[in-house]
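S.K.: Please model the complete structure; the sequences and the hints are all you need to start from.
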Amino acid sequence: MNIEAKLLEGNKRAVARLITLVENKDEAAFELLKKLHNKTGNAYVVGITGPPGAGKSTLTDKLVKRLLDEGKKVGVIAVDPTSPFTGGAILGDRVRMTGLSTHPNVFIRSMGARGSLGGISEGTSAAIKVLDIYGADYIFVETVGVGQSEIDIVKNCDTTVMVMVPGLGDDIQAIKAGIMEIGDVFAINKADRDGAKKTAREINAMLDYSSKDWRPPVKMTIAMNNDGIEELFEGISEHRNYMASTGLFETRRINNTKNEIVELVKHRVLEHLFDNAYNEQLINSLSVNIVKRETDPYTACDEIMHNIKKN
Amino acid sequence: MFDKGKMAQVSEGLEKFNEKTKSMLAKNPERLEKFVSGSGDEVKGLYTPADLEEFDYSDIGFPGEYPYTRGVQPNMYRGRLWTMRMYAGFATAEESNKRYKYLVEQGSSGLSVAFDLPTQIGYDSDHELSEGEVGKVGVAIDSLADMEILFDGIPLDKVSTSMTINAPASVLLAMYIAVAEKQGVSSDKLRGTIQNDILKEYIARGTYIFPTEPSMRLITDIFEYCSKDVPLWNTISISGYHIREAGSTAAQEVGFTIADGIAYVEAAIKAGLDVDTFAPRLSFFFNAHNDLLEEVAKYRAARTLWAKIMKERFGAKNPKSMALKFHTQTGGSTLTAQQPENNIVRVAIQTLAAVLGGTQSLHTNSKDEALALPTEDSVRVALRTQQIVAHESGVTNTVDPLAGSYFIEAKTKEIMDKAMEYITKVDDLGGAPKAIDQGYIQQEIMDAAYYYQKEVETGERIVVGMNKYQIEESAPKDLLRVDPIVGENAKKKLADLRANRDNAAVEEKLAALRTACEGSQNVMPVIIEAVKVYATLGEICGVMRDVFGEYQQSVNL
Amino acid sequence: MDRPIRVLVAKPGLDGHDRGAKVVARALRDAGMEVIYTGLRQTPDQIVNAAIQEDVDCVAISILSGAHNTLLPKVVKLLAEQDASDILVVGGGVIPDEDIPFLKENGIAEIFTPGTPTSVTIEFIKANVNR
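Protein chains in written order, with the numbering used here: chain A, 13 to 323; chain B, 11 to 567; chain C, 69 to 199.
Derived by calculation from the structure, the hints in this document are not laboratory data.
Think of the CB as a built atom: it goes at the ideal place given N, C-alpha and C, for glycine as much as any other residue.
Some hints could be false.
Some chain B residues flagged as far from chain A (calculated, every beta-carbon gap over 10 Å) [unchecked claim]:
#1 K16
#2 E25
#3 E29
#4 E40
#5 L56
#6 R201
#7 R291
#8 P329
#9 L393
#10 E402
#11 M430
#12 G449
#13 G475
#14 Y479
#15 S484
#16 N532
To give an idea of the chain A side of the interface with chain C (calculated C-beta under 8 Å), a few residues [as the list claims (entries may be wrong)]:
#17 K24
#18 T32
#19 N36
#20 K47
#21 S95
#22 G99
#23 G100
#24 A101
#25 L103
#26 V107
#27 T110
#28 S113
#29 F119
#30 S122
#31 K141
M.R.: So, in structure tokens, the structure goes:
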């Protein structure tokens, strides 16, 4: 199949194949991405993150439907954890978006985090580009929702929606301030549950301490009932307009890209490090010696760096 | 209950016994490292009075009296045998009617209707999603016309009928009432059950239609309607069968079923019904798996827990509100496709378990059911199994014969305690509907199912004929098949029906139904009116789908 | 890099029994595969669309309702229409032996009948995906 031609035609099989190829670091696929880079940049990328059980998938489903009603083309990438032991994954987010599978203007792809703690792998970044080339007006990236993934997602999207659930009261105190800062819009889902208003108050209280110019709106939603979706979307649009009018949109994209190329280089260097069999041997024997107390980790590092520079 | 001094003697003797056994085991190790029940709980080599130190006879009491541990009637099967109620239905109403008459001829004492999936999910036979499904797992009922054929020649004032129908239970019950009316039988004479347990559909069975809230409304509407107009009808069969089939343990079967029961009672009370009015008509449906002793303990545990909960938590005063009556079905998931004759033996053991456990009604599976619905021949053997246990085994001579066994009483308490833990956990999550929403119940069951599968695949758990004692065998012959023409014919019948009925009347009644659904009036009378003018099941459920919406599944793997 | 095999576990039609599908999904994950589970009530159209977007190597269909002779061949046919016949299609559930030849003639590579250990299914998929 001529992937390039079919991709530009909007053929979903081509989109899917290309995502697979870039996810698995196929060289030819990256050449294609290089070639088609000027076709990216049009899609608006929205990150959906939050703790497990918050209803991210259901919320995404409703936001997508709303955009489809406007005639927009939408891509969704749903990331689930990969088992560190087996390398396998159950990708179950699609279930909550099952009605969208046959809509011509939607493309949904489930991805395993595949070893990236942050839940946003290089594969995800590349997949976003493919959907961009495909012609998506909006791309939703739904993350694993634990730990570091919230940080990573900011670096890959234009607006981050943080989905919370009432009854996490105590957990909000436990959430580190850094994570609260990354939400551009907050959605309190399952808002019919006890404690919804309290949760909203607590989030607003924490936001009072923020020094940022942008005050994230806090929206109440009941995704299952399609309640509050319009308002949430307004919040996202507000953020989009804010960034456009202040020039922050471009700044953020430049920062995200900076991060991306640094990550790419990091990975390339590490690959190079372990690709070189001599280096791997060296690392193995060094490790044995460190444990034997014949050398130490810092000296070992110097030695490896020296070898890299030499090679 | 045991004298303190004598108890001390037993404990001493037990210590010595254990010492002697230890040295014997050193030279002769046991067959297995651990002996576990069907549900995976460890079972000791010996049970003695020492296991019942806290036990008092008043804990279990007499049969027919609170807390009903020993049975819900004082003399159980000496008065009346359990109802031999064989679940049946396939293809057309005509064929199913024939099967019902055959079963009654052969000695079954109650009818049990199996509906096909389109019917269970509120679709007519000509709906897109019904393609390939019509008549396959039960009888296809599209309108009152089919229901009339289904019960043709069957006097509804003389039989009791159980209908395994959940989301559209209101509609099928309405049709049953309408058929009876045509026979000249008033609804206050009708005896039977509708399964009507939507929570377990969300948990384990999958034939849901509407979201939780409107579904609970439909259920309480039925409770209310029947309490006045169909007083002999069991309005719900709170089910653990499917939870167990989905892979749960025995304690989970009891715990989650009772948690569902609690949710229904709470919903009914919230709807303004008096507990002692509707509770006597609640019934249960449990499984019977192979570990006979565990199953007997399970049923006794369930009865005891329910009685306590109804009395202490809901303040029930009517003894009938506290007495847990149940139907049992032998476990489908225990049947093997390999060496199907072995299934007859399994079903016999499971029958014994249900009877020793005090069931009110029993369906026994046929040997070929791992692969298809039963033929006349295989269903006859399944029925005979019940009759042999009833008349030849002696277990029906006396009530709750296993009571007092150190193991059985200890196991009954163990399951009660474990089940109560699950009930408490569900309570902490806000009740069964919320627990289901969060996927807690489904996750527990899934974990148990996976664990069991691993046991079987490693050979830790033996399934005779499947992972041990296998033979080379050819494909079984003469399985029941449903002719695809059934689907085609059903579509034609529907077209004819729509052409020949009073469509204006149908429109009118469907509009009235919409109004009722949008408001809070009881839907039953309106549905009965609609079925009488031959509005189809799909049309009626279509209105409800429109007003109530559809349930959004979530998955926890 | 040896990429994980991707499998779509699907429940077509109205059958609501998902114990087997879920057990198989977990077993496939434990064997290192990426498993997309469709949930219940999938039309053949939805299954095929999901298979294509997810670029799976295999579609594993679970069905216990007796509608297999209608629904499984339909999935194969729709995949062919999308030029996706390289995707391995297998099935399992309550499927009598005598229906297996018909299903195989219609493009289903293998049927795993009741009692099949998950290891057999896993090995078959590993050995037969087109990669």
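S.K.: Each hint should be assessed against the structure and marked as holding or not.
M.R.: Outcome of the hint check:
no.	hint	in the structure
1	K16	holds (53 Å)
2	E25	holds (44 Å)
3	E29	holds (43 Å)
4	E40	holds (33 Å)
5	L56	holds (40 Å)
6	R201	holds (39 Å)
7	R291	holds (31 Å)
8	P329	holds (36 Å)
9	L393	holds (41 Å)
10	E402	holds (50 Å)
11	M430	holds (24 Å)
12	G449	violated (8 Å)
13	G475	holds (31 Å)
14	Y479	holds (32 Å)
15	S484	holds (36 Å)
16	N532	holds (25 Å)
17	K24	holds (6 Å)
18	T32	holds (5 Å)
19	N36	holds (4 Å)
20	K47	violated (21 Å)
21	S95	holds (6 Å)
22	G99	holds (4 Å)
23	G100	holds (4 Å)
24	A101	holds (5 Å)
25	L103	holds (5 Å)
26	V107	holds (4 Å)
27	T110	holds (6 Å)
28	S113	holds (4 Å)
29	F119	holds (6 Å)
30	S122	holds (5 Å)
31	K141	violated (16 Å)
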